[in-house]
Structure formats: structure tokens, C-alpha cells
Amino acid sequence: GEDVEQSLFLSVREGDSSVINCTYTDSSSTYLYWYKQEPGAGLQLLTYIFSNMDMKQDQRLTVLLNKKDKHLSLRIADTQTGDSAIYFCAESITAGTALIFGKGTTLSVSS
Amino acid sequence: EAGVAQSPRYKIIEKRQSVAFWCNPISGHATLYWYQQILGQGPKLLIQFQNNGVVDDSQLPKDRFSAERLKGVDSTLKIQPAKLEDSAVYLCASRAVGQAFFGQGTRLTVV
Chain A
4 GEDVEQSLFL
14 SVREGDSSVI
24 NCTYTDSSST
34 YLYWYKQEPG
44 AGLQLLTYIF
54 SNMDMKQDQR
64 LTVLLNKKDK
74 HLSLRIADTQ
84 TGDSAIYFCA
94 ESITAGTALI
104 FGKGTTLSVS
114 S
Chain B
15 EAGVAQSPRY
25 KIIEKRQSVA
35 FWCNPISGHA
45 TLYWYQQILG
55 QGPKLLIQFQ
65 NNGVVDDSQL
75 PKDRFSAERL
85 KGVDSTLKIQ
95 PAKLEDSAVY
105 LCASRAVGQA
115 FFGQGTRLTV
125 V
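Those protein sequences? They're chains A and B, same order as listed. Heads up, the first sequence is in the numbering used here, so the first residue is 4 and it goes up one at a time. Heads up, the second sequence is in the numbering used here, so the first residue is 15 and it goes up one at a time.
Hints in this document: simulated from the structure, not taken from any laboratory. Among the hints, erroneous ones may be present.
[Said to hold, decoys possible] For each label pair, taking beta carbons as the anchor points, the in silico distance ranges come out as:
#1 B:Ala34 <-> A:Ser30: 36 to 46 Å
#2 A:Val22 <-> B:Lys92: 21 to 31 Å
#3 A:Phe53 <-> B:Gln31: 36 to 46 Å
Built from N, CA and C at the ideal position, the CB exists for glycine as well.
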């Protein structure tokens with residue numbers, strides 16, 4: 004079956020690094036995603052990674068994928084108050100199948 | 015590149031009334047999704063289109079929900095009659111291979 008799990012809440016201080024974790028159960032998943040949702044807004048695609056990659060870096064964002072443990076993480080360096088939002092992990096088996104989402108992790112950044 | 019457009023942004027209706035949502039995907043994206051996001055949860059797939067054909071509608075409550083994608087471009091999602099539990103944000107997304115982009119969503123309140 005397909006199920007994506009995330010911790011519900013993370014609190015960090017401005018300037019620290021944030022690490023948001025996700026586990027998924029479908030080993031066939033080819034694409035793994037991180038989305039950001041601010042209050043009252045839609046989902047913003049932050050980054051995605053192919054299953055044949057271990058790591059992807061994009062400016063302050065680093066995605067790590069451990070296929071053996073079916074574990075995905077998103078690291079945000081130098082976290083800012085503007086990073087406060089809900090972060091969703093999602094998986095997709097192929098480019099033609101739907102995305103399956105976790106329940107989201109609320110990131111709270113204090114100054 | 016223009017994003018996924020949705021309208022209306024907000025809608026309040028009484029139970030047993032009908033409502034329709036509209037989505038215009040990113041130009042050239044063959045895959046279109048409708049998701050339902052209940053407050054505090056992750057988005058859940060309602061229906062997936064590939065061009066103007068339905069790929070997956072297994073989670074669509076077909077007794078009251080319907081969707082169409084005429085000419086493989088714009089799509090509409092209809093609820094008739096609405097129930098209180100249909101209160102949610104309805105998100106449309108379109109996809110080109112790996113990247114899936116979401117619209118701002120329509121927030122539906124059923125009273």
C-alpha cells in the first residue's frame with residue numbers, strides 16, 4: 004500500500020537549520036516531492052528528486068533520499084521567518100500516476 | 015510561464031445546493047488532477063485526467079461529484095448536492111513528467 008508519514012510539528016530559531024523528515028511505504032515510487040503551503044495559499048513546489056538519486060541541493064534546500072529505509076528529508080539552511088509554513092512530502096510511482104501526500108509538517112520559525 | 019489558474023477562490027453555499035469549480039492548467043500539460051484538502055490534512059486525490067480521458071477516479075464520490083475536461087485543456091469539478099463534510103479546499107494541479115504544479119485552490123464552505 005501507499006502511505007506517507009511525517010512528523011506534525013517542528014520549531015526552530017531563525018538562522019538555525021531545519022530538518023523535516025518523511026517516510027514512505029511504496030518502494031516503487033520514482034518521484035518524491037517537497038511542497039510548501041502558506042496560510043490560505045496553494046501548494047508551492049519546492050523541489051523533487053528521482054529515486055535514482057541520493058541527494059539534491061538547491062540553494063538553501065537539501066533533499067536526502069535513503070531508498071533502503073524509504074526515508075526522505077528536507078534540510079533548510081539558515082532558516083528564516085518567511086520559511087514558516089506547512090511542508091508536505093509526496094510520492095508518485097511514475098510520471099503518470101497521482102501524487103500521494105503526507106499530512107504535512109508545520110514549521111514554526113522564531114526570531 | 016503562467017501557473018495553474020482556478021476560480022472562484024472562495025465559495026459559500028448551503029447544504030444540498032450545487033457548486034462548480036474551474037481549472038485552467040499550464041499550457042501543454044496533459045495530466046490534470048483534482049485534489050480535496052480538508053483542514054489539517056494533506057491533499058487527497060479525487061480524479062486524474064490524461065488529456066480529456068479519466069485515468070483514475072476511484073476516490074471520487076460519484077453519487078455527488080462529477081468532473082470533466084473537455085478538449086483536454088480546462089476542467090470543471092461539480093458537486094451536487096453538497097454536504098457539510100464537503101467543506102474543504104479543492105486544488106487543481108497539472109503535470110509535465112516529474113514536476114506537478116498546483117493552483118491556489120478554491121475554498122468551499124458548506125453551511
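> Can you give the numbers of the hints that this structure goes against, from lowest to highest?
Replying inline: 2
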